[in-house]
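**Q** Below, each chain spelled out in residue letters.
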Amino acid sequence: MRTISRLAIENIYSTYYSGEQHLSVLENVSLHVGEGEFVSVLGPSGSGKSTILKIAAGLLNPDQGRILVNNREVTGKPRLVGYMPQYDLLFPWKTLRQNAALPLLAKKIKAKEASKKVDEMLPLFSLENFAEYYPHQLSGGMRQRAALLRTMLIDSDLMLLDEPFAALDALTRETMQDWLLKIWGQFRRSVLFVTHSIDEAIYLSDRIYVITERPGKIAIEQIIDLKRPRSKEIITTSIFSSYKQVMINALNVNARGEEDINQN
Amino acid sequence: MKKWVNIKTNLPAAGFLAFLLAIWEFLGRILEIPGYILPAPSAIALALAENFPLLLEHTRATFIAVLGGLILAIGVAFILALAMDRWKPLKQALYPVLVISQAVPIFALAPLILIWFGAGLLPKVLIVALVCFFPLAVNLVEGLSQVDQEAVDLMQTMQANRWMIMRSVQLPFAMPYFFSGLKIAATYSVLGAIIGEWLAARAGLGIYMLRAMHSFRTSDLFASIVVVVVISLALFKLVELAGWLFMPWQRNTTNHMKGWL
Ligand SMILES: Nc1ncnc2c1ncn2[C@@H]1O[C@H](COP(=O)(O)OP(=O)(O)OP(=O)(O)O)[C@@H](O)[C@H]1O
Ligand SMILES: [Mg+2]
Chain A
2 MRTISRLAIE NIYSTYYSGE QHLSVLENVS LHVGEGEFVS VLGPSGSGKS
52 TILKIAAGLL NPDQGRILVN NREVTGKPRL VGYMPQYDLL FPWKTLRQNA
102 ALPLLAKKIK AKEASKKVDE MLPLFSLENF AEYYPHQLSG GMRQRAALLR
152 TMLIDSDLML LDEPFAALDA LTRETMQDWL LKIWGQFRRS VLFVTHSIDE
202 AIYLSDRIYV ITERPGKIAI EQIIDLKRPR SKEIITTSIF SSYKQVMINA
252 LNVNARGEED INQN
Chain B
271 MKKWVNIKTN LPAAGFLAFL LAIWEFLGRI LEIPGYILPA PSAIALALAE
321 NFPLLLEHTR ATFIAVLGGL ILAIGVAFIL ALAMDRWKPL KQALYPVLVI
371 SQAVPIFALA PLILIWFGAG LLPKVLIVAL VCFFPLAVNL VEGLSQVDQE
421 AVDLMQTMQA NRWMIMRSVQ LPFAMPYFFS GLKIAATYSV LGAIIGEWLA
471 ARAGLGIYML RAMHSFRTSD LFASIVVVVV ISLALFKLVE LAGWLFMPWQ
521 RNTTNHMKGW L
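As they're listed, the protein sequences go chains A and B. Numbering of the first sequence is given in the working numbering, commencing with residue 2 and proceeding in unit increments. Numbering of the second sequence is given in the working numbering, commencing with residue 271 and proceeding in unit increments.
Think of the hints as simulated: they come from the structure by calculation, not from any bench. Hints are supplied without guarantee of correctness; some may be wrong.
[As the list claims (entries may be wrong)] When the alpha-carbon atoms are kept at most 25 Å apart in a straight line, the in silico SDA-like pairs for lysine to any residue are as follows: (1) A/Lys118 <-> A/Lys78; (2) A/Lys113 <-> B/Lys358; (3) A/Lys78 <-> A/Gln187; (4) A/Lys108 <-> B/Gln429; (5) A/Lys108 <-> B/Arg437; (6) A/Lys108 <-> B/Ile341; (7) A/Lys117 <-> A/Gln187.
[Stated by the list, open to error] Covered by chain B, according to a simulated footprint, are these stretches of chain A (three or more residues, beta-carbon under 8 Å): (8) 80-91; (9) 120-130.
[As the list claims (entries may be wrong)] Restraint ranges, calculated between C-beta atoms of paired labels, are given here: (10) B/Leu511 <-> A/Ser140: 45 to 51 Å; (11) A/Ser31 <-> B/Gln419: 44 to 50 Å; (12) B/Glu412 <-> A/Ser140: 51 to 57 Å.
Computed from a prediction, not measured in an experiment: that's the story for all the values here. Yeah, the Cβ is synthetic: ideal placement off N, Cα and C, and Gly gets one too.
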């Protein structure tokens with residue numbers, strides 16, 4: 002395990018209140034992401050994965066517990082972080098280039114310079130021919146890549162990605178996974194990645210936290226000791242299958258018969 | 271790019287209108303309806319052509335009041351809506367009053383304004399602004415507040431300041447709301463100016479109408495109605511054009527430009 006902790010979440014509890022009702026979503030969740038580490042949170046729908054990311058991004062205050070970034074407490078303070086929400090949230094009124102340039106403009110970089118910087122990055126995301134397109138003119142995969150590019154341009158070592166590929170078809174999804182690994186290998190940001198796909202989590206991660214159905218608790222923490230760079234062949238190896246079995250057991254899929262634990 | 275005026279879809283409506291006019295003309299002649307009661311379309315066209323220069327002059331006076339009032343209303347609506355979005359207590363105090371005040375028949379306030387400001391251009395502009403202000407302000411406030419909290423959150427993780435969030439998220443999001451308010455406002459505006467002119471003015475279509483009415487020149491009255499319709503349609507189209515220019519991202523997604531002209 003790495004020494005510097007980019008992000009540490011310590012014993013957080015979270016509840017949503019709506020009128021009289023309250024819904025306990027997270028119970029005593031702790032996790033951490035080391036420098037340059039790729040960590041996934043794997044859990045069923047409604048288990049509070051997005052809530053963890055929002056708390057990690059400082060957009061939501063936990064009832065209890067602390068958040069540390071680079072070993073400094075930052076609980077509940079909005080701050081600069083590469084957060085990619087569950088829905089790509091490209092703004093329909095901005096072109097791809099303008100969307101991607103937003104983090105740079107927020108940093109008070111001049112518009113012209115920001116555009117130039119975006120244009121330099123576009124080929125890496127295979128988007129160089131689409132800079133002038135509006136989001137509704139892009140395919141699902143392109144939109145996700147554009148949103149990732151925007152997230153990448155946020156000047157933070159930590160990236161929080163909320164199911165970036167969930168809305169994609171299986172084929173596009175696999176391409177995007179390989180592509181994400183390539184980009185990640187290049188930039189070596191620390192990533193906290195949310196998914197409900199077991200294969201995706203194992204394929205991408207250095208470490209996985211499995212969280213249970215609501216209220217979400219960490220069921221297990223599993224180190225994935227597969228050498229990098231990885232390619233799709235490893236999916237058929239026995240070590241991959243044994244990791245998968247561990248995840249399935251932790252999620253208790255069979256007992257619950259839950260369909261949204263997607264094993265594609 | 272979508273065609274701005276779609277001839278094909280408007281053809282049936284134009285044909286039907288022509289058919290109605292033909293029947294009107296025909297019945298007028300057969301039944302020998304006197305011109306001061308119901309002039310035939312041909313007589314109206316003639317009145318329009320004969321008095322065209324005079325009509326144009328009055329139209330100009332009305333149009334200036336309409337534009338002035340609209341611009342004033344847009345300015346005030348923007349300032350107030352932005353202020354209300356920025357300071358929530360202000361919104362809590364003002365917004366309900368705004369909504370309630372929509373129930374006040376603004377046209378009934380017109381005489382008051384004339385008492386206060388006399389019979390020049392200013393009272394007309396004020397009446398127009400008053401009728402246009404409410405749909406604009408209410409739609410803008412609504413649009414600004416409906417913005418997706420997730421989008422604002424996202425901007426916060428980029429450390430965007432408040433003004434940038436306003437400019438790059440809230441305002442563009444509110445634009446369609448604003449333009450639907452502006453369409454309503456544009457329709458009201460001509461009405462507002464004419465009512466102002468009916469009450470007191472030196473020039474304008476309302477004055478022209480009053481004079482035509484007093485001397486039973488019914489065909490002139492109809493001619494001015496035609497002009498009012500044309501101005502209203504032109505304004506409406508102008509608003510659509512502005513929307514088309516200001517919201518390039520909507521050009522292919524919605525059919526708000528589907529033709530009716
Ligand atoms: N703003 C909110 N107000 C009230 N309840 C909420 C809110 N956001 C989420 N919840 C509830 O909290 C629970 C956890 O939500 P969360 O979005 O964190 O789940 P998730 O694990 O990300 O699910 P999914 O995989 O479907 O995205 C859900 O039951 C949801 O209904
Ligand atoms: Mg979620």
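**Q** Next step is simple, just say for each hint if it's right about the structure.
**A** Results of checking the hints against the structure:
Taken as a hint, the A/Lys118 and A/Lys78 pair is broken in the structure, with Cα atoms around 29 Å apart against an allowance of 25 Å. Pair hint A/Lys113 plus B/Lys358 does not hold up; C-alpha atoms about 35 Å apart against a cutoff of 25 Å. The suggested pairing of A/Lys78 with A/Gln187 is violated, with an alpha-carbon distance near 29 Å, which exceeds 25 Å. Note on A/Lys108 and B/Gln429: the hinted pairing holds, with a Cα-Cα distance of about 8 Å set against a maximum of 25 Å.
The suggested pairing of A/Lys108 with B/Arg437 holds, with an alpha-carbon distance near 15 Å, which does not exceed 25 Å. Note on A/Lys108 and B/Ile341: the hinted pairing is violated, with a Cα-Cα distance of about 35 Å set against a maximum of 25 Å. Annotation: proposed proximity of A/Lys117 to A/Gln187 holds, straight-line Cα distance about 20 Å (limit 25 Å). With 8 residues having a Cβ less than 8 Å from any Cβ of chain B, the stretch 80-91 of chain A passes the three-residue criterion, so the hint holds.
Using a Cβ-Cβ cut-off of 8 Å, 0 residues of the stretch 120-130 of chain A lie near chain B, which falls short of the minimum of three, so the contact claim is violated. The hinted range of 45 to 51 Å is not satisfied by B/Leu511 and A/Ser140, whose Cβ atoms lie roughly 31 Å apart. Distance hint for A/Ser31 and B/Gln419: a CB-CB separation of about 27 Å, inconsistent with the stated range 44 to 50 Å. In this structure, B/Glu412 and A/Ser140 break the distance hint of 51 to 57 Å, their C-beta atoms being roughly 33 Å apart.
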